[in-house]
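Please take these sequences and the hints and turn them into a complete structure.
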Amino acid sequence: MTLLTSLFAAIICTIIWYKKAPDKEMRMGTLSLIYWGASIMWFVDAIFEFVELKAEYFTPEPLDMLNDFFLGISVVALGLIIWLIILLIRDPRGVIKKMLSKKEA
Amino acid sequence: MACLLVPAAEAVVTTVVQKAIEKKEKAAAENGNQAENKAETSQMASFSKKLKWLNNMLWGGAALLAFEHIWHGEIVPWFPFLTAASNPQDTAEMLHEMSTVGVSMAVLVTAIWGVMVAVSYRIENRAKKAV
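Those protein sequence lines, which keep their order, are chains F and Z. Mapping of the first sequence onto the working numbering: residues -16 to 88, in sequence order. Mapping of the second sequence onto the working numbering: residues 4 to 134, in sequence order.
Don't read these hints as lab results, they were simulated from the structure. Just to be clear, a hint being listed does not mean it is correct.
Each pair of labels, with its calculated beta carbon distance range [claimed, not checked]:
{"#": "1", "chain 1": "Z", "residue 1": "Leu111", "chain 2": "F", "residue 2": "Leu36", "range": "17 to 27 Å"}
{"#": "2", "chain 1": "Z", "residue 1": "Ser89", "chain 2": "F", "residue 2": "Ile(-2)", "range": "39 to 49 Å"}
{"#": "3", "chain 1": "F", "residue 1": "Arg73", "chain 2": "Z", "residue 2": "Arg129", "range": "26 to 36 Å"}
{"#": "4", "chain 1": "Z", "residue 1": "Val118", "chain 2": "F", "residue 2": "Ile(-5)", "range": "14 to 24 Å"}
Sample of chain Z residues with no beta-carbon within 10 Å of chain F, all distances over it, derived [as the list claims (entries may be wrong)]:
{"#": "5", "residue": "Val16"}
{"#": "6", "residue": "Thr18"}
{"#": "7", "residue": "Lys22"}
{"#": "8", "residue": "Ser49"}
{"#": "9", "residue": "Leu54"}
{"#": "10", "residue": "Val79"}
{"#": "11", "residue": "Tyr124"}
{"#": "12", "residue": "Arg125"}
For each residue, glycine too, the CB sits at the ideal point set by N, CA and C.
Structure representation (structure tokens):
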């Protein structure tokens, strides 16, 4: 469930990145790469788990599924927070810079 | 358990390499009057940018996986930080997981990045030929 949630986040971000390309102002490429990296890693984890559990892997307990989904949503939120921090630090539109210089003036 | 440590270690190495290449690019750009340097600079610039894709995937993936490990209580904010490191049996299991799952994660991310780089070079070359 965590893998699926991050995978959908990666796909949606990639579509948005492609739609906005070549405009890099919002750094959607960075966000989609964050989610792709996590999705690939969880995919590897899922393969190892599948080898261990076989068919049982596809029939998780509802409570485990809910917990994994909750984790997935939290992971997506964390990815967005990381991206937001990067965006605010880089400040491509100079909004924060302008705000600070106004205050100084 | 601690599989994320392998991609995180790779991320440290690739970040250092990327910064070194970026420095070289800047130095080459300053001496960019010669045609030879110019060609090298343009090639290196695109490579450092491509290396950043790998950095983003490795750092992003490792950060989100670290969160998952905290969620499951495998990483704690006190020494030794990894719950599996508290007894030898769990430590052995953790090292085994790092050498199998962790290495596979790092290899697959790097392999996918390699494919991305190969495809982008092909697209760039095709665009150059078209011009």
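(message) A cut-off of 10 Å on Cβ-Cβ distance, and Val16(Z) was said to be off the interface with chain F. Does that hold?
(response) holds, 15 Å
(request) Find the nearest Cβ of chain F to the Cβ of Ser49(Z) and say whether that gap is larger than 10 Å. (result) Holds, since 15 Å exceeds 10 Å.
(request) With 10 Å as the threshold, tell me whether Thr18(Z) passes as away from chain F on beta-carbon distances. (result) For Thr18(Z), whose nearest Cβ neighbour in chain F is about 14 Å away, the distance exceeds 10 Å, so it holds.
(request) Taking the shortest Cβ-to-Cβ distance between Lys22(Z) and chain F, state whether it exceeds 10 Å. (result) holds, 17 Å
(request) Beyond 10 Å from every chain F Cβ: check whether that's true for Tyr124(Z). (result) The claim stands: Tyr124(Z) keeps its Cβ more than 10 Å from every Cβ of chain F (closest is about 18 Å).
(request) Using the Cβ atoms, figure out if Val118(Z) sits within 14 to 24 Å of Ile(-5)(F). (result) holds, 22 Å
(message) Using Cβ atoms and 10 Å as the threshold, tell me whether Val79(Z) really stays out of contact range of chain F.
(response) The assertion about Val79(Z) holds, with a minimum of 17 Å to chain F.
(request) Kindly confirm whether 17 to 27 Å is satisfied by the beta carbon distance between Leu111(Z) and Leu36(F). (result) With Cβ atoms ~20 Å apart, the hint holds.
(request) Please confirm whether Leu54(Z) is truly not at the interface, meaning its C-beta sits more than 10 Å away from all C-beta atoms of chain F. (result) holds, 12 Å
(request) Look at the Cβ atoms of Arg73(F) and Arg129(Z) and judge whether their distance stays inside 26 to 36 Å. (result) holds, 31 Å
(message) Please check whether Ser89(Z) and Ile(-2)(F) have a Cβ separation lying inside 39 to 49 Å.
(response) holds, 44 Å
(message) The output says Arg125(Z) does not contact chain F. Does that hold with a beta carbon cutoff of 10 Å?
(response) holds, 18 Å
No hint from the list above goes unmet by this structure.
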